[in-house]
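Student: Sequence:
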Amino acid sequence: MTLDVVGLHPSTTLPGELGDCGGKFACLYCAGTHRRRAARSWRQRVSHFFEMYPRGRHSAPSWEIMTPEEVVFSDALQAGEEDDPDEDIARTSSLLDI
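Read in order, the letters of the sequence shown are residues 1 to 98 in UniProt numbering.
The hints are simulated quantities; they were obtained by calculation from the structure and are not laboratory data.
Built from N, CA and C at the ideal position, the CB exists for glycine as well.
Just to be clear, a hint being listed does not mean it is correct.
Derived DEER-like restraints, expressed as beta-carbon distance ranges [as the list claims (entries may be wrong)]:
#1 7 <-> 56: 15 to 25 angstroms
#2 80 <-> 10: 35 to 45 angstroms
#3 69 <-> 7: 17 to 27 angstroms
#4 53 <-> 7: 40 to 50 angstroms
#5 52 <-> 75: 16 to 26 angstroms
Make a model of the complete structure from these sequences and hints.
Tutor: In structure tokens form, the structure reads like this:
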């Protein structure tokens, strides 16, 4: 369970404590299709899943905790400050018809 990963116990953790744990998470469904791993908080995780589930895009919650370095990179991508090398390769390949 994800709570264990951030050092919280499922039977003693209160909802208000979830946002204070500081963990950021990547949706494994989206990470496999977009190559961009958005850093989501606990609250954003829940919202994301309930947005995607009715559309048939996510059958069950599947998350991975991100390292601090991954969070910084993800935040930079979201802000448009840094290019995603995999996306650049894909874009270049499609332009060159490779």
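Student: Kindly indicate which numbered hints from before are broken by the structure, ordering the numbers from low to high.
Tutor: 1 and 4
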